[in-house]
Amino acid sequence: MGPVHLRPAAEAIEPEVEPLAVIAAAAEGNVTAFEHLYARFSPAVYGLCLRLTGHPPTAEDCTQETFVAAWRALDRFERRSLFSTWLQRIAIHMVLARRRGLRVRFEVAEPPAGMPDVADPGAGAPPIDLERAIATLPEGARHVLVLVCIYGFSHGEAAQALGVAEGTCKAQLHRARKLLSAALGLEE
Amino acid sequence: MDGPKHENLDARLARLPQEVAVPRNLWPGIARAIERRPRRARTFAIAASLSACAVGALLWAALHGWDWKGAADPGAAHPVSASARGASFDEPRDTAYLAARTDVERSFRDRLAVLDPRTRDTIQASLAEIRRTHEELRRELVAQPSNAVLEHLLESTLNDEFDLYDSVVQGTQPSMNRS
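Chains A and B, in that order, are what the protein sequence lines are.
Just so we're aligned: the first sequence equals residues 14 to 201 in my numbering.
Just so we're aligned: the second sequence equals residues 4 to 182 in my numbering.
Each hint should be verified, as a subset may be incorrect.
To give a feel for the contact side, a few chain A residues facing chain B, derived at Cβ under 10 Å [claimed, not checked]: (1) Pro56; (2) Ala57; (3) Arg64; (4) Glu144.
DEER-style ranges, computed between Cβ atoms [claimed, not checked]: (5) Gly42(A) / Ser129(B): 28 to 34 Å; (6) Asn43(A) / Thr98(B): 37 to 43 Å; (7) Glu91(A) / Arg134(B): 30 to 36 Å.
Please keep in mind that the hints were generated in silico from the structure rather than gathered at the bench.
The structure displayed is predicted, hence computed values, not measured ones.
Even for Gly, the Cβ is constructed at its ideal location relative to N, Cα and C.
Build out the structure end to end from the sequences listed, making use of the hints.
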């Protein structure tokens, strides 16, 4: 398994700058422009889907569905949020929409193959990889941990995105941290 | 709860990259899906050009909330108002639409009967999942009527249902012609 590539090699757009002209062209129906948006944003969407599902093939499906949904709704995108944030919301909805039917596949007993091979700079010799430990968390705990701790959502934002109460969100995060600490062999 | 241990863990989590390389190029599949499911405005033109196709016309009617009787009489009221439906998109409920939908479903069931039991079970399970998802989204839209993403997903599930009907009808055509 190779290292994580932060973005496609061919991508020349500054990562922090939203390509507004390309977004506008895609909203007008320009498929080539939309392909550029796919190239630019698919690693972020896939990363989120992968962390939320813990299942690479399902993450690919959700990523694909997210871009199809985005294409169809793009002419109604009003720029009240960043395009990347809007895509994130669609991706979360896609994962949640598939959750019930694929629950068995999501609940993995062993660290799934295909998780990114990320070096963990904060640990000397962790018992298992941090990414794989996240993937083995129970679904609800994993969703909250991924959104809050990796993607920077507030508890309120995560609760709204996941359709749960904020208190539930906090409880799930506490549970996730506890399970993750145990899995990584961190001191109590 | 948020002691040094958690701070350490949080720092490690925050250092994980948000982006992960997609293992394979998903664009060809996305491009095909975009071609098959154009935006609403273009759905009109495509479905209108395929007026002989019952599935296409029915899908168009559903996507545009078209009252077939009302189409002949532009002044006629739509049978289900947007507020009553709880969202700006939902299927029409007038008699003509429902009769056409029943016809399409009947064709689908007839063609389904020629398939082997295992394939039939798989298709029926897929259809049940699509319908369950559609109902969940419809209920959620009642609570969040202005949620454009949910609205889009609702529309997508209807697309999925009609795509499934169309695939079965088209896919069983050769075997039905064989004698």
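Going through the hints against the structure:
no. : hint                             : result
1   : Pro56                            : holds, 4 Å
2   : Ala57                            : holds, 5 Å
3   : Arg64                            : holds, 8 Å
4   : Glu144                           : holds, 7 Å
5   : Gly42(A) / Ser129(B): 28 to 34 Å : holds, 30 Å
6   : Asn43(A) / Thr98(B): 37 to 43 Å  : holds, 41 Å
7   : Glu91(A) / Arg134(B): 30 to 36 Å : holds, 31 Å
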